[in-house]
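Modelling step: build the complete structure from the supplied sequences, incorporating the hints.
Here the protein sequences line up with chains A and B, keeping their order. In terms of our numbering, the first sequence opens at residue 285 and continues consecutively. In terms of our numbering, the second sequence opens at residue 1340 and continues consecutively.
Honestly, the hints are just simulated from the structure, not real lab data. Fair warning: this is a prediction, and the values are worked out from it, not measured in the lab. Some clues are possibly wrong.
For each label pair, taking beta carbons as the anchor points, the in silico distance ranges come out as [said to hold, decoys possible]:
{"hint": "1", "chain 1": "A", "residue 1": "Asp327", "chain 2": "B", "residue 2": "Gly1411", "range": "52 to 58 Å"}
{"hint": "2", "chain 1": "A", "residue 1": "Glu408", "chain 2": "B", "residue 2": "Ile1512", "range": "32 to 38 Å"}
{"hint": "3", "chain 1": "B", "residue 1": "Leu1382", "chain 2": "A", "residue 2": "Ser314", "range": "52 to 58 Å"}
{"hint": "4", "chain 1": "A", "residue 1": "Ser314", "chain 2": "B", "residue 2": "Ser1540", "range": "24 to 30 Å"}
{"hint": "5", "chain 1": "B", "residue 1": "Leu1621", "chain 2": "A", "residue 2": "Lys373", "range": "28 to 34 Å"}
{"hint": "6", "chain 1": "A", "residue 1": "Lys373", "chain 2": "B", "residue 2": "Gly1499", "range": "45 to 51 Å"}
{"hint": "7", "chain 1": "A", "residue 1": "Met345", "chain 2": "B", "residue 2": "Ser1379", "range": "50 to 56 Å"}
{"hint": "8", "chain 1": "A", "residue 1": "Asp327", "chain 2": "B", "residue 2": "Ile1515", "range": "44 to 50 Å"}
{"hint": "9", "chain 1": "A", "residue 1": "Arg409", "chain 2": "B", "residue 2": "Tyr1397", "range": "33 to 39 Å"}
{"hint": "10", "chain 1": "B", "residue 1": "Ser1514", "chain 2": "A", "residue 2": "Leu331", "range": "39 to 45 Å"}
{"hint": "11", "chain 1": "A", "residue 1": "Asn316", "chain 2": "B", "residue 2": "Ile1515", "range": "39 to 45 Å"}
We put the CB at the ideal spot given by N, CA and C, even for glycine.
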Amino acid sequence: MKWKLLFFLLLIPIDLLAIKLMVCYIDPASLNPVLKTVEVEGDNLILKLFDILASPPQDLMSFVPKGVLRAYFIVDDTLILDLDKEKLKNMDFLSERYFIHTVLYTMFNNLKTVNVVYFTINGERRRVLANYVDIRYGFPRRIWKEWPVKRVK
Amino acid sequence: MRTLTALLVVSLLASCFALTLNVGKNLNFEEILEILTDLSNVLNTEPPSTNTIGSFVYIVWEDHIVSKIKGGDLYVLDNEPFEGGIPAEDLLKKLKIPYHKRDNEIIVPDTIIKSIEMIGRSLIVEYTGEGSFNFETTNDGITVISTEEVFFNGNVYGSGETLRVFPIKGFKIDSIHREKGKVIVNFKKSGIRTVKIKPISERVDPFDPNLTILVGYGDGRIIFRNFAPDFKGADWKVYSETKKIAYELARELGYLVEECPVYKLPIGVPCFIVLIKKPDDLKLLNEYLKELLKE
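Written out as structure tokens, the structure reads:
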């Protein structure tokens, strides 16, 4: 019986085991968000999401540098993302803001139990991400579950 | 209770938690346990636990151990022996608990203030214990005063003493938000608000009564600070005021709006950044703001 079950499980296509996630890239002309669905397998989903965020398709761009995530922690409904200072140092005003927006928009849309995100740099609480964006306080789902740049009608 | 320690006074006054101990009196096992339990409340730490192994009884609290033999008179505090109980002052010193002496009494504060900071236009006090402090607007500015014994910045302050003064005049307390371990005070300026437009390279003075707008060139967008969960709603009022003006302005100019905690935009202060598309928009911006303030 056990062998039959194992044989049956082996027949399940591997793509049924993959998780579909939403990733946010940026259209270089309009700076509008472009959502792509990707399939991710196995564990360490957040790390994989960062890798995917840092590798945009050819016609799109990303403000997420490769290897920027050092570690992450989830405590209750809070996600703490620890970033590599070296990877952030060349960011300008636009890059810093759009880095925050794309990361948060992607995280809140994939991790439904996370309500607040905090950023740390090289394992420490810091004042700013690189130079401009204040990371002393938490970033709430209520704002970044949607794209935070809007055209007012 | 034994005669030797009968003079110990652990007074829980009706309005406070401050511990008052008699100088030079030795504390017995039960009294030490009671004091450590009270201190756990002040320091917001785990309460002490007790255990018995044979005739050996001990208390574990933080990294410290107090032990004695049942029926015996020898106490050991972190390997240091004390005959006939542990003197109150020795206990506090060894545990590194702040206190001060008045006449023949040792007074242990009921509140330990970790920080008093002005962040943007919000005064934030972080503490452990009872929160025995209050706020006043005086001629000197905004004053934080102790209402009972308080430990702050290496000193113990008695009731009614000034802990910190912020020389900010002309503002009054708008709201006080209290939660365990943190108090957030917001201030407001009475009178008519005007608008100050500054280049983006300049900073916003959190106590400038004007609505401050930082202007730079860009792709036509208005950036304002989001609210943060850390403030438990204390920043919502300014957030919604700012958002309303930003949205109206963006509608008028055909600009984008963006929520982002840019460090230059102080918390609790109505202000935002406008990245104008072309120089003519600055004139439009001025005109629109004049109209807005007339309303």
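Evaluated hints:
1. A:Asp327 / B:Gly1411: 52 to 58 Å: Roughly 56 Å apart at Cβ, these two residues keep to the hinted range, so it holds.
2. A:Glu408 / B:Ile1512: 32 to 38 Å: 33 Å Cβ-Cβ, so the 32 to 38 Å window holds.
3. B:Leu1382 / A:Ser314: 52 to 58 Å: Holds, since B:Leu1382 and A:Ser314 (Cβ atoms, about 54 Å apart) stay within the stated range.
4. A:Ser314 / B:Ser1540: 24 to 30 Å: holds, 27 Å
5. B:Leu1621 / A:Lys373: 28 to 34 Å: The hinted range 28 to 34 Å holds for B:Leu1621 and A:Lys373, with Cβ atoms some 33 Å apart.
6. A:Lys373 / B:Gly1499: 45 to 51 Å: For A:Lys373 and B:Gly1499 the Cβ distance comes to about 49 Å; the hint holds.
7. A:Met345 / B:Ser1379: 50 to 56 Å: holds, 54 Å
8. A:Asp327 / B:Ile1515: 44 to 50 Å: About 46 Å separates the Cβ atoms of A:Asp327 and B:Ile1515, which means 44 to 50 Å holds.
9. A:Arg409 / B:Tyr1397: 33 to 39 Å: For A:Arg409 and B:Tyr1397 the Cβ distance comes to about 37 Å; the hint holds.
10. B:Ser1514 / A:Leu331: 39 to 45 Å: Given about 42 Å between the Cβ atoms, the range holds.
11. A:Asn316 / B:Ile1515: 39 to 45 Å: Hint holds: Cβ distance 42 Å, inside 39 to 45 Å.
The structure shown violates none of the earlier numbered hints.
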